[in-house]
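Peer 1: Sequence:
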Amino acid sequence: MPRPHGFVFEQRANGTVVLTHQGRAAGTLRGPRAEKFLAEVVAGDAQLVMARWTGAYRFGNERAGKNHPRHQGGRRGGR
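In the working numbering, the protein residues as written are 1 to 79.
Derived by calculation from the structure, the hints in this document are not laboratory data. It is possible that some hints are incorrect.
What the hints assert, rightly or not - Just the calculated beta-carbon pair ranges, DEER-fashion: (1) Thr20 <-> His68: 28 to 38 angstroms; (2) Ala43 <-> Gly15: 16 to 26 angstroms; (3) Arg70 <-> Val8: 32 to 42 angstroms; (4) His71 <-> Val42: 34 to 44 angstroms; (5) Lys36 <-> His68: 32 to 42 angstroms; (6) Arg52 <-> Arg30: 15 to 25 angstroms; (7) Gly15 <-> Asp45: 36 to 46 angstroms; (8) Gly73 <-> Gly15: 51 to 61 angstroms; (9) Gln72 <-> Gly31: 14 to 24 angstroms.
Each residue gets a CB set at the ideal place from its N, CA and C atoms; glycine is no exception.
All chains should be built: construct the whole structure from the sequences, respecting the hints.
Peer 2: And the structure:
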């Protein structure tokens, strides 16, 4: 799976953290959740942490699944 990229976060003066992915809003964190997020970003890989917090950590693996034989040919009858 490719490493996540394109995430950016902005910490606002009121303590709110806004997460974006490739220019689109991906999440907003406030209060204790924002503090916990900021601590994780400092301690680890920022892109990976932001991907996990936004739920976008699976990007890339969906394309491989659509070519699987199970997803070809439509409905099966007789079940």
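Peer 1: Now, for every hint given, state plainly whether the structure supports it.
Peer 2: Quick rundown of the hints versus the structure:
no.: 1; hint: Thr20 <-> His68: 28 to 38 angstroms; in the structure: holds, 32 angstroms
no.: 2; hint: Ala43 <-> Gly15: 16 to 26 angstroms; in the structure: holds, 19 angstroms
no.: 3; hint: Arg70 <-> Val8: 32 to 42 angstroms; in the structure: holds, 37 angstroms
no.: 4; hint: His71 <-> Val42: 34 to 44 angstroms; in the structure: holds, 41 angstroms
no.: 5; hint: Lys36 <-> His68: 32 to 42 angstroms; in the structure: holds, 37 angstroms
no.: 6; hint: Arg52 <-> Arg30: 15 to 25 angstroms; in the structure: holds, 18 angstroms
no.: 7; hint: Gly15 <-> Asp45: 36 to 46 angstroms; in the structure: violated, 23 angstroms
no.: 8; hint: Gly73 <-> Gly15: 51 to 61 angstroms; in the structure: holds, 52 angstroms
no.: 9; hint: Gln72 <-> Gly31: 14 to 24 angstroms; in the structure: violated, 47 angstroms
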